[in-house]
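**Student:** Chain residues, written in single-letter form:
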Amino acid sequence: MPVSLVEGNSLLAIDIGSVTTRAAYFDVVEGQYRFIGMGSSPTTLAAPDSNVAVGMQAAIESLQFMIDKPLLDENGHLAIPSQPDGIGVDSLCATISAGEALKAVLIGLLPDVSLKSIEKIAQGAGIQIVESFNTNDSRNINEQLDAIFKSSPDLVLIAGGTDGGATYSIQKFLELVGLASYLLPESRRPALLFAGNKDLKKQVIASMKNLASGVAIAPNVRPVADVEDLAPAQRQLASLIVSLRQREMPELADLSALCGSPVLPVAYNQGRMIRFLSSYFDTGRGVLSVNLGAASLSFGMAFGDDLHLNVFNQYGLGTPLARLLAHTTLEDLARWFPLDLPPETLRDYIYQKSLYPAFIPSTPEELAIEQTLVRHLLQLAARDSVARLPAQYRSRTGLLPAMQPILASGAALTEAATLGQKLLMLLDGLQPAGITTLAMDQNNLLGMLGAIAEQNSLLPVQVINSGALAYLATVIAPVVNNVNYGTPIVRAKLIRNDGSESETEVKMGALQILQLESGQTARLQLRPLLRADVGLGPGKAGEIDVIGSSLGIVIDARGRPIRLPAEPERRRQLLSLWQNRMGG
Amino acid sequence: MASVPTFQILPVSTILRARLLPYPGRVLAQVGQKVSPSDVVADTSLSRKHILIDLAEKLQQPSQKVDAFVRVKRGQQVAKGDLLAESEGIFGREVLSPTAGRVAALGGGKLVLETGRATLEIRAGLAGVVSEVIEDRGVLIRASGAVVQGVWGNGKLDAGVLLSLIDQPEDILEASRLDVSLRGSVILAGHVADPAVLKNAAELPVRGLVLSSLSPALVTAARQAPYPILLLEGFGRRPMNGMAFKLLSTNLRRDVALNAESVDRKKGLIPELFVPLPFNQEPPPSPIFDKFAAGQTVRVISMIYPGKIGTLTRIPDDLAILPSGVRAKAAQVRLESGDEILVPLSNLEVLG
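If you're matching them up, the sequences are chains A and B in order.
Take the first sequence: its position 316, counted from the start at 1, is 316 in our numbering, and no numbers get skipped.
Take the second sequence: its position 133, counted from the start at 1, is 133 in our numbering, and no numbers get skipped.
Keep in mind that the hints were calculated from the coordinates and are not lab data.
Note that the coordinates shown come from a computational prediction; the quantities given were computed from them, not determined experimentally.
Treat the hints with care, as some may be off.
Pairwise CB distance ranges (calculated) [what the hints assert, rightly or not]: (1) Y280/A / G155/B: 45 to 51 Å; (2) E86/B / P48/A: 25 to 31 Å; (3) Q281/B / P48/A: 51 to 57 Å; (4) I547/A / A18/B: 56 to 62 Å; (5) N280/B / P48/A: 25 to 31 Å; (6) G155/B / K202/A: 16 to 22 Å; (7) A18/B / E415/A: 43 to 49 Å; (8) D68/A / G268/B: 52 to 58 Å; (9) L120/B / A326/A: 51 to 57 Å; (10) D68/A / R26/B: 55 to 61 Å; (11) A175/B / L330/A: 22 to 28 Å; (12) E331/A / Q168/B: 48 to 54 Å.
No residue lacks a Cβ here, since even glycine has one placed at the ideal position from N, Cα and C.
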């Protein structure tokens with residue numbers, strides 16, 4: 001039996017989200033770690049509570065009720081480690097995404113090299129980039145100083161120079177940041193992360209320790225010109241973010257003291273988990289995790305150890321909606337709306353929803369609008385994320401690269417009324433191509449498991465293996481060019497393990513379901529026509545193992561990208577037809 | 001226990017409101033002081049323009065020697081042309097201030113001059129008594145009267161006499177109704193969809209608009225309006241809720257304080273209209289609720305239908321299946337019409 005099973009059996013993970021705080025309990029059942037249950041409560045960062053510990057306590061109380069096990073002692077304190085009478089839990093970890101997006105000034109030497117690297121780190125951490133500088137900056141020193149002053153950043157992220165290389169330009173930028181910090185009121189001085197030429201580390205600490213609200217040094221993100229090493233700086237930034245959060249949430253210090261590992265942002269933990277899963281599943285394709293929350297949308301793609309994580313604060317399904325129309329048009333959004341209501345209804349909804357980020361769609365109309373928004377936010381995030389990928393992962397078509405599996409979380413997705421709604425939102429939003437499996441992280445566990453991995457590497461593996469992710473369906477989405485709707489593009493034959501077979505010819509534009517009961521396995525033979533690519537290469541036939549779900553096996557031959565009819569009535573009919581095909 | 005979301009439509013209450021600077025400055029009011037809405041209770045200043053002067057270069061001296069030649073001190077105000085530094089000797093040089101400003105930093109052979117320093121004033125925003133001074137930051141003001149909270153504000157505040165241009169909760173305000181008789185007043189009205197309304201109100205000018213709702217197309221114009229705008233219901237065409245309509249209609253022609261600050265849930269900032277009222281005995285403050293319970297008056301939040309007021313009658317133990325098909329923890333609410341509906345707890349606010 002592994003040491004970790006002997007030393008600490010049960011584990012409580014807390015996720016302090018922008019709207020909801022969750023408490024998840026894990027324990028050993030029959031020698032394997034299992035996810036036992038989840039409690040939740042509204043996050044209490046806002047007044048009148050203004051203390052996230054209140055929401056944590058309420059989430060734990062809710063969890064106690066769910067799992068029928070006391071975790072708090074008679075004084076209401078978390079009993080850790082667990083007591084002989086069974087009260088409490090053996091270890092604790094926590095992750096956080098609550099709080100306003102932090103603002104950062106980025107500094108690099110070359111715009112396409114060190115600045116780009118530090119920008120990726122900021123984008124993966126959900127930081128709002130308010131200003132950036134590089135050696136090509138044409139502003140004079142006074143304008144640069146005023147720009148920092150005006151943007152009033154929480155953080156300054158600096159990279160630049162190869163290890164052992166020139167230091168002059170970075171030193172000039174350090175002087176600029178030091179001066180700006182000096183001139184700012186003490187309470188508004190930014191923290192600083194330096195991830196540049198290692199020869200400057202001592203100088204950075206010496207010159208900035210009294211001027212910045214915190215200084216962190218990470219290994220150079222560009223130790224040599226053609227090598228990019230982001231992971232250590234990402235980790236340092238994650239710690240720095242939480243230490244900044246601690247200023248507005250001093251109660252995090254008490255939480256950290258109880259935790260067996262550092263409290264880190266949920267985006268960081270989620271990224272760690274996606275990277276791990278990519279190696280674990282080892283499908284030869286990327287793993288995609290998408291988490292649509294009220295405050296942001298995180299979109300992470302891992303290709304083995306190579307993680308590309310973007311946290312889009314502008315695509316959250318709550319407060320950020322007030323500015324959504326700065327990033328898209330009402331016409332583009334309305335194209336995915338299946339109801340015959342004026343587009344202004346959508347516009348009014350997004351502004352009103354921005355006032356009530358925790359709102360749950362109560363009527364069919366509200367649900368239709370909410371799910372239209374989900375689709376479009378996923379489309380926007382997928383478009384932006386693919387555009388930021390290195391060339392080796394990008395296709396000429398701009399489609400999502402081959403992903404297996406795709407994991408989705410966020411209440412709007414996981415709590416949709418039907419499995420068909422969940423699947424269709426993901427297919428319409430992400431438009432995956434080829435063969436993929438889609439699953440729901442129903443309890444938003446990935447971020448928590450990433451946090452747990454820091455202190456217990458066994459638990460995430462066993463919990464994932466135990467079916468903590470809810471399988472939605474296997475989807476085959478053929479890609480074919482210049483083929484008219486209604487033209488056959490794939491012949492598919494499903495050979496079930498019980499010997500029964502079904503064969504079908506899939507036409508361009510169709511959304512077809514091959515019935516295969518939940519848990520039942522089968523072989524699926526795919527024979528593309530007209531050089532359609534079913535994920536095996538243009539025109540290539542093949543056979544794959546598939547597992548059934550209540551949605552069966554889905555062949556999405558609607559084309560990539562999906563092109564909707566221009567005529568509104570026809571478009572609405574089609575959207576409704578697709579939803580009905582998925583069981584409503 | 002976590003508190004539940006509340007909204008305030010209170011005919012009588014005592015409120016405590018913080019009026020704070022975003023960064024340290026001077027507090028100008030004292031505990032016990034009576035303040036009116038326009039009184040400045042705290043101020044501070046911050047410069048956004050800086051000029052870096054390389055004294056060492058201009059004096060042609062090593063930076064470590066420059067201190068001896070500097071003729072100003074940190075914090076000193078200087079006029080354009082004032083002497084900042086001079087080196088001695090037959091080839092001595094002078095550095096004169098290129099503009100008026102304040103010496104913000106000195107050292108390392110350089111000097112930073114701040115120019116265009118802007119003052120930020122925090123006004124009381126309502127008539128009341130200062131109950132606490134928060135050092136360098138501002139004050140807490142205690143006041144008694146009627147309160148109506150809104151859901152959105154354009155970030156401005158003012159005070160004036162409350163006049164009405166609304167006859168029914170679902171009314172739409174037309175620009176033609178804004179005439180000179182409304183100058184200097186705070187106007188209670190319904191929905192606004194016409195930009196001319198905001199323009200005419202600015203031209204009069206009015207002291208503020210309290211609206212049931214606003215077309216999202218006018219959000220930018222509303223933010224730029226020179227007077228406060230408070231939305232009671234939100235965006236899109238939404239009638240004013242009956243409670244607010246009745247309460248405000250009974251307080252017409254009174255002096256009111258309109259604080260249309262932007263919503264900041266972290267800080268507990270909610271835009272509101274306050275009507276100061278005289279009381280022999282101070283009414284109790286509004287309660288904080290730590291849970292939803294039967295008997296509470298609640299507002300039912302809807303995105304595409306008008307918000308409704310009702311009474312919470314029951315919270316079923318199990319998750320409810322809503323008409324949308326979504327499962328959620330919900331409450332049974334009896335509306336003013338007598339109808340009973342099932343509402344997710346996330347979509348409820350308790351009347352505080």
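**Student:** So, for every hint listed, does it hold in this structure?
**Tutor:** Okay, the hints, checked on the actual structure:
1. About 49 Å separates the C-beta atoms of Y280/A and G155/B, a value consistent with the hinted range of 45 to 51 Å.
2. The supplied range of 25 to 31 Å is broken by E86/B and P48/A, whose beta-carbon atoms lie about 59 Å from each other.
3. The hinted window of 51 to 57 Å between Q281/B and P48/A is violated, with their beta carbons roughly 25 Å apart.
4. The supplied range of 56 to 62 Å is met by I547/A and A18/B, whose beta-carbon atoms lie about 58 Å from each other.
5. For N280/B paired with P48/A, a C-beta distance near 28 Å keeps the hint of 25 to 31 Å intact.
6. The hint said 16 to 22 Å for the Cβ distance between G155/B and K202/A, and at roughly 45 Å that hint is violated.
7. Against the hinted window of 43 to 49 Å, the Cβ-Cβ separation of A18/B and E415/A comes to about 36 Å, which falls outside the hint.
8. D68/A and G268/B have their C-beta atoms about 36 Å apart, which leaves the hinted 52 to 58 Å range violated.
9. For L120/B paired with A326/A, a C-beta distance near 27 Å fails the hint of 51 to 57 Å.
10. In this structure the supplied range 55 to 61 Å holds for D68/A paired with R26/B, their Cβ-Cβ distance being about 57 Å.
11. A C-beta distance of roughly 25 Å is found between A175/B and L330/A, which places it inside the suggested range of 22 to 28 Å.
12. For E331/A and Q168/B, the hinted distance range of 48 to 54 Å is not satisfied, since their beta carbons lie about 34 Å from each other.
Of the numbered hints listed earlier, those contradicted by the structure are 2, 3, 6, 7, 8, 9, 12.
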